[in-house]
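Asks: Residue strings, one per chain:
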Amino acid sequence: MVVTILTIWVIFVIAVMLLYTTRHFIFTFSRLFHRQRVSFGDAYEDNLPHLTVLVPMHNEELVAADCLRAIVASDYPADKLHVVPINDHSNDRTQEILDRYAERDPRIRPLNLSGRPTRGKSNALNFALENVQSEIVLVFDADYTPGKGLLRRLVMAFIDPEVGAVMGRVVPRNTNVSLLTRLLSMERSGGYQVDQQARYNLDLLPQYGGTVGGFRLALLRQIGGFDPHGLSEDTELTASIYERGWTVLYDNRAECYEEVPDNWMSRFNQLRRWSRGHNRVMWGHLLRIAFARNLSGVQRADAAFLLFCYVVPPLLISGWVAEFLLFGMGHLRPIGGLLLAFMVVLYNSFGNFAPVYEVATAEILDGHSTRLYLLPFLFYSFPFNSWTITTGFIDNVGDSIMSRVAHWEKTGRAGTRA
Amino acid sequence: MLKPISPVLRTVTLFAVAAALVVVFFALFYSNGSAGPEQRLDTAIAALAIVAGFAALVFLPMLPGLLELRRSADATSLTIDQNYSRDPRYMGKSFREKISNVLQSAPMHTRMPFLNRSKEYGRIVPSLNLDDGENWTDAVLSKGAVTTGKRVHLVDLYAQGDVRIGAGSTLRALAADGDVQLESNVSVIRWIDGEKDVRVGPNANLGHSLSAVGAVELGNNVRFSRICGNPVVVGQPRVDRRGPAPDAGSWPLGNKRKTATTTVTIGRGESVETDLVTRSNVEVLEGGVVKGSIKGDDVIVGPNAVVYGNVVARGDVMVRDGGAIRGHVFAEGSVFLSRDSVVGSAGRSKTLYSSRNVELADGATVFGWVICEGDGTTVSTSPG
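Residue numbers (the numbering used here), protein chains in the order written: chain L, 908 to 1325; chain E, 9 to 392.
Possibly wrong hints are sitting among the right ones.
Distance ranges between label pairs, derived from CB positions [said to hold, decoys possible]:
(1) M1172(L) <-> A54(E): 36 to 44 Å
(2) M908(L) <-> A54(E): 55 to 63 Å
(3) T929(L) <-> R231(E): 38 to 46 Å
(4) R1160(L) <-> G382(E): 15 to 23 Å
(5) D1273(L) <-> F67(E): 26 to 34 Å
(6) P72(E) <-> L1272(L): 19 to 27 Å
(7) T87(E) <-> M1172(L): 23 to 31 Å
(8) S1276(L) <-> F62(E): 25 to 33 Å
(9) R1011(L) <-> F67(E): 47 to 55 Å
It should be emphasised that the hints constitute simulated quantities derived from the structure, not laboratory data.
The C-beta atom is built at its ideal place from N, Cα and C for all residues, glycine as well.
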């Protein structure tokens, strides 16, 4: 009985891993050989709408000034740009910096959430959005420094009446700081240059990432704002958008610098938070999006892949455990289906070749050369990612069972400049 | 500053060494109780060789990476031009600035090295008149008008007056502060930028781009990639009899939206006030009015029909005679503007973009920018 259950479980894990592997290869080949869909960056408009840029900040004294300077240096018409940095319970010099910039530039109107009970990005955005008047809202994280033409470019996405949100490409500016930052830079390349663009090419479900992008305010109000207990307001909005028959436009040329974590503990906290928040969204939206009438069958499948992605690492780890148990019980014969299964799991265990292949393709498309030598290191960061994501998954399960409210774990900053 | 050995690598190395020691220890003391010291040593060496072999297999692929970490040959972030700002006239403005910096203070007619290009020179002249067939190899800053005969060859030219280029001539790049007139069969290799109006004769090839502050009038069978003008028109400019769009001053963002999975048809003379989004085609029949934007596969705007918002098509866009789209047009297929059709409206620049081809018929007018990734052509029955 136990052997049968373990065998079925291993076969299930194998099937899931094979599906994800296939998906990664399809994305890579789409990026290499498929016709690339255009975004609206080429559109020129001399009558742009009013725009509000929100920047949630919690203890961002190292990066706040650079971010605000970059936003107000934009070529977006000055009389139509409103910048709202949100001081979310900072206990460093963030408020002082915001006040100083607000004095210098009337377009900057800071909000201070001190005194309000709950901290976190979703709450901060909900509060700020109560007083927003513009039709379009863009959101940047505080470590982002948008270029001069980026706001205009992102806003142009909304000339498409089907677009509910837009997402640009994230580019680490502190790539050369450590092995971790270099690996994260490669992961970002794979995730945006190949994964997001391929999803856009194939008319699947590109994701709103919440850090260099925006949405229609009317649509967000229709959705009812962000989940105040959520940690992944970006995935939540993505799912809600597709459920309601809108789309997310990914613009690969709307590039923006960010600062990636430069130490493993920060990365652990960040990834754990993503996993915890993403899985909360998954439980809430999986069925709704799977049966959304306005999505095609392929789009629904992609939605399931997207929502399920932070469950895959714990699933894979459970597959390893099941394999070892079967081996220990003498049921993993040298020749047979389970050995094949074992090989597939093994193939997906150390680095998962398909994502690595995706990253390599992205780096080549970006014109990089010797950094490709670092690819084997991804095989060793993969177990780290798997374990971290599994920890976030366990957190989420605990949240669900014990009705716990998750707290926002802030990603540490170093204040690196490009 | 890149740290050559990260904590992770240190940890992995420590684990590898510890594992090797454990293996040797077990091989030496627990492998076989009855074995002698020599056999135990052999076992330990064999075990160590296996561990070393495995470690080599694990670490060898990382060797180039370790060298890259130490040398950091490719460690910089992907370059983003933080100062990039979209400007249809960027080429012309940039060229004016560069050539003026080099030649503005130079004596008249003196050849000066130009733009650090080897074997290329520039000169400043009060005005320029070239005879038929002349070949002018220097870049020119003309303080006045430029007039050429037929089959002239020019490279880079900045004229602070009007410009008239003779039939069959070739030029690489042209910036003009006055009006520009290109006679028939003129070939542009790179771009043209005009501060006023530009008139293009038949059978011209406009190279990479043509931009103008004023109107751009195109003759028959003109080939182009990018044109920006206020407006761009095939033949003579027409008076837009429909007058300005009622909402021409507003950003077309409809909150009302109608979605469908089948073909959407707006009937003759019918008027709807909503965005239309469908997974199929959209057709607005003769005289129909859509006060909103359209997203569909192929989109057809019928004769004298008007769309007051944007049109985004996964396939082709066809605007029939006298039809109008007041917003942007984006097509992943081709775009065909029939006789007297209009995109945009006076004073409100919009963009017509096609991933494939653009065909503009006689009287077709675009206020703003026309961009095509494939072939752009005009089909005019008007003379000249």
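Asks: List, from low to high, the hint numbers that the structure doesn't satisfy.
Replies: 2
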